[in-house]
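Visitor: Could you slot chain R onto chain G? The hints should help.
Going down the list, the sequences are from chains G and R. Numbering of the first sequence is given in my numbering, commencing with residue 1 and proceeding in unit increments. Numbering of the second sequence is given in my numbering, commencing with residue 502 and proceeding in unit increments.
No wet-lab data here; the hints were simulated from the structure. A couple of the hints might just be wrong.
Claimed, not checked - Within a straight-line C-alpha distance of at most 20 Å, the following computed EDC-like cross-link-like pairs (lysine to aspartate or glutamate) qualify:
#1 R:636 <-> G:287
#2 R:629 <-> G:287
#3 R:703 <-> G:288
#4 G:195 <-> G:124
#5 G:441 <-> G:11
#6 G:9 <-> G:401
#7 R:520 <-> G:79
#8 R:526 <-> G:304
#9 G:459 <-> G:470
#10 R:684 <-> R:628
#11 G:129 <-> G:92
#12 R:682 <-> R:597
#13 G:104 <-> R:512
#14 R:636 <-> G:194
#15 G:409 <-> G:398
#16 R:520 <-> G:92
#17 G:377 <-> G:43
#18 R:507 <-> G:103
#19 R:543 <-> G:212
#20 R:703 <-> G:103
#21 R:520 <-> G:95
#22 G:9 <-> G:398
#23 R:507 <-> G:102
#24 G:107 <-> G:288
#25 R:507 <-> G:288
Said to hold, decoys possible - Quick list of the computed label-pair ranges, beta carbon to beta carbon:
#26 G:198 <-> R:622: 48 to 54 Å
#27 G:453 <-> R:696: 57 to 63 Å
#28 R:580 <-> G:180: 34 to 40 Å
What the hints assert, rightly or not - With the Cβ distance kept under 10 Å, some of the chain R side facing chain G (calculated, not the full set):
#29 526
#30 550
#31 552
#32 555
#33 588
#34 652
#35 671
#36 709
#37 718
#38 722
#39 730
#40 734
Note that the Cβ used here is the ideal one computed from N, Cα and C, for glycine as well.
Spelled out, the chains give:
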Amino acid sequence: MGGFNPAVKLEERIRQALNDEFLRNAVKFTTGRLRSSKQQAAEQMGNWEEWRERGRQIRLHTIAHLDYYLNQFVQNLREAGGYVHFASTAQEAVEIAMQIMEEKQAKSVVKSKSMVSEELHLNDAMAAKGIEPVETDLGEYIIQLAGETPSHILAPAIHKNRQQIADLFSEIGGEKLPADTAVLAGFARSQLREKFLQADIGMTGCNFAIAESGSFVLFSNEGNARMCSTVPRTQITLMGMERIIPSWEDLEVMAAILPRAATGQKLTVYMSAINGPKRAADGDGPDELHVIILDNGRSQQLGDPEFQEVLNCIRCGACLNACPVYRHIGGHAYGWVYSGPIGAVLTPLLNEDQDQWGEVANASSLCGACYEACPVKIPLHDMLVYLRRRNVEAGRTDATERLGMKTYKVAVSSQRFYQLALKLGQFGQKPLARNGEITAKVGPLEAWNRLRVAPALAKKSFRDSWKELDMELQHELVELKPETKARMEAILRKRGNSHEN
Amino acid sequence: MKTEKKSVIAELHEQSLQKQETFIKHIANRLGREQPLTTPPKRSVSGAVDSWRTHTLDPEERISQFLMNWESLGGSAVRLADMAEAKNYLDRLIGEMKAKKIIREDHPELAQIVSESPDLHLTVWGDKDFAAMRKAAAEAEIGIVMADFAIANTGTLVITSTPQRGRSLSLLPTIFVGIVKAKDIQTKMGDVLSVIQTWNGKEMPAGIHFVSGPSRSADIESDLTIGVHGPSIVHALVIG
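Extracted from the complex, chain G is given alone in its bound form (with noise of 0.2 Å):
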């Protein structure tokens, strides 16, 4: 399957996508309107920095207390008349899941987007016993179709143009359907109805469990959540341990950040929450609800000062949309679930095989803005360094880079050898440099160069300015009223006060 392949080095990963125009194009136009609603979104809030601090407390208190608040959630879900089973690794939790569905006898499952689901690889489990799943948000279903997996967390067929998803419709339509983005909509529609009608289970994610009352909640604009819980007769619900909020006003937090970080929406169309199976006399809902919690790499990151705060994420796409890289190459070429500067960052936790897949963590700028666009403020960046440095320690990092490096730590080890490496440089990239950039893939720079375009040495240094620059300054400040220097001088000192992350 398309995205799944590790076989792939990251590096032939990226170049694919790369040469992929529609993608490219697709990528950074859904990412743009995202992120710029979400500006919108935060700016109309007023007070947008003080929400995602409040975010960001509520996270750390829940995942510092998280066997308090897990054991009270479990205790009220089945006090409430739901099952809840616990999986530490992914192949438990597919074998809990494939034991309820045969003791249901489901021949298929309606699905809404869950990424634990994916991180299970449940789907190909499933089909290998003869049950269908069935992936109901539209964007999942599209790739469903395609064999893909999905390349946003919030927009998974972003990557899929109008006339390819009427390709694929029309092939299971049996006649040919328009690029029409509502008549595409309402064969989905009328397909998706069928197959909720017909389906023994219903399966979800979960966006957040309410410890104090066993609860969890859905978001999501479609109401094919709601259709999972609403219409089978067993719902199954997938969840990652770390979701856990402690109380219902908690929600009104993470209602408040996730959706406007998100996709800028003050709130989703449907927010669900679902309090244990139907009640006896009810008409409609679950008969039968199973919680599954799953570990599957999440407690190694508990008491790692480095890294624990990554279980605080509420799974809102923002950094993606912010990422620079991510909006060059999409989500596929990251190679597992998730995707981006997140990505980047559980991908090499979450799975053991470091040389299979520690190299992700590069996949970045360390420009920060994935930690400026997080609304629970986790310090990605850093994070994406960490795991850098643990490459590096592990020695899963090539000779040429290596190489490099010791180069560089002489380099800038005294002035005099920075200044005669420089000069040696600027003279060396003189047939090379075009335009202030260098091209071509030669030395050093080859590596660098196959995918970027490194920047020429500038003709004159920082340092050979400074002289001039100083003196220039000099000149001006002097120039100054004294009053409006006052005034700045005061700016500065609050921005310096406000920088305190």
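Guide: Only chain R this time, still in chain G's reference frame:
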């Protein structure tokens, strides 16, 4: 009645009770505790930011903000004096939409305003079995419910599930009509959540649905589509 062989589900449940202990203890150990915490941890902050907690609108402002937000989400919103006006509104809607089948919550006030006629088949929730109810809701052009609350700030109707009011009513029909009393419109979500919190335990309904406008998707080339799985036409009627 117990058979000799335990069901798979009962076995899984027993397995889960055992696993819970090691699973949670492992988490506690990773967090530096020998045993899991059993007393509620102290919290320095919880819930919404302080300035928002005190935010409240007067009743008239709540109504106008709710109507405005619901409309801006792509729904129709109207304020009516009483249920008699609601009846007129519904009659007109049924006529305009040429509706043949409708379904409503089993509610005394709705019984006054929605009734069957030779051209109109009406299903009242709760008077048939599960499969028949589901079929009726899926085939109905219009589903009508009384909402528990509305939220002004987000343009949201809050609907709990009860034996008289199935979840399907606000989900399966093409057109959804939610009726809310003006006094039940709250300023912000927190005002509703603090009521829900008091239901913790036995009184909690199995489903609480927050609905803000028509079903939508942008999954095809970022192009906004209305009415993917849920209703595409949504009417909010504020009474009083």
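Visitor: It remains to establish, for every hint, whether it holds in the given structure.
Guide: Here is how each hint holds up against the structure:
1. R:636 <-> G:287: holds, 18 Å
2. R:629 <-> G:287: Holds. Residue 629 (chain R) to residue 287 (chain G) sits at ~17 Å (cutoff 20 Å).
3. R:703 <-> G:288: Holds - the C-alpha atoms of residue 288 (chain G) and residue 703 (chain R) are around 18 Å apart, at most 20 Å.
4. G:195 <-> G:124: Roughly 19 Å between the alpha carbons, so the hint for residue 195 (chain G) and residue 124 (chain G) holds.
5. G:441 <-> G:11: It holds: about 15 Å lies between the C-alpha atoms, which stays within 20 Å.
6. G:9 <-> G:401: holds, 18 Å
7. R:520 <-> G:79: holds, 18 Å
8. R:526 <-> G:304: The given pair, whose Cα atoms are some 17 Å apart, holds under the 20 Å limit.
9. G:459 <-> G:470: Distance of about 19 Å is within 20 Å: holds.
10. R:684 <-> R:628: violated, 30 Å
11. G:129 <-> G:92: Distance ~16 Å between residue 129 (chain G) and residue 92 (chain G) Cα, so the pair holds.
12. R:682 <-> R:597: violated, 25 Å
13. G:104 <-> R:512: At roughly 14 Å apart (the allowed maximum being 20 Å), residue 512 (chain R) and residue 104 (chain G) satisfy the hint.
14. R:636 <-> G:194: Holds, at roughly 11 Å.
15. G:409 <-> G:398: holds, 17 Å
16. R:520 <-> G:92: holds, 12 Å
17. G:377 <-> G:43: holds, 17 Å
18. R:507 <-> G:103: Between residue 507 (chain R) and residue 103 (chain G) the Cα gap is close to 12 Å, so the pair holds against 20 Å.
19. R:543 <-> G:212: Distance ~14 Å between residue 543 (chain R) and residue 212 (chain G) Cα, so the pair holds.
20. R:703 <-> G:103: violated, 29 Å
21. R:520 <-> G:95: Between residue 520 (chain R) and residue 95 (chain G) the Cα gap is close to 14 Å, so the pair holds against 20 Å.
22. G:9 <-> G:398: With Cα atoms ~14 Å apart, residue 9 (chain G) and residue 398 (chain G) stay inside 20 Å; holds.
23. R:507 <-> G:102: Judged against 20 Å, a Cα distance of about 15 Å means the pair holds.
24. G:107 <-> G:288: holds, 17 Å
25. R:507 <-> G:288: Cα-Cα ~17 Å, so holds.
26. G:198 <-> R:622: 48 to 54 Å: violated, 24 Å
27. G:453 <-> R:696: 57 to 63 Å: The hint (57 to 63 Å, Cβ to Cβ) holds, given that residue 453 (chain G) and residue 696 (chain R) are roughly 59 Å apart.
28. R:580 <-> G:180: 34 to 40 Å: The hinted range 34 to 40 Å holds for residue 580 (chain R) and residue 180 (chain G), with Cβ atoms some 37 Å apart.
29. 526: holds, 8 Å
30. 550: OK, holds: residue 550 (chain R) within 10 Å of chain G, min 5 Å.
31. 552: Given a least distance of 7 Å, the restraint on residue 552 (chain R) holds.
32. 555: Violated, because the Cβ-Cβ distance from residue 555 (chain R) to chain G comes to roughly 13 Å (cut-off 10 Å).
33. 588: Nearest chain G Cβ about 25 Å off; hint violated.
34. 652: holds, 8 Å
35. 671: holds, 9 Å
36. 709: holds, 4 Å
37. 718: holds, 5 Å
38. 722: holds, 5 Å
39. 730: holds, 4 Å
40. 734: This interface hint is violated because 13 Å lies over the 10 Å limit.
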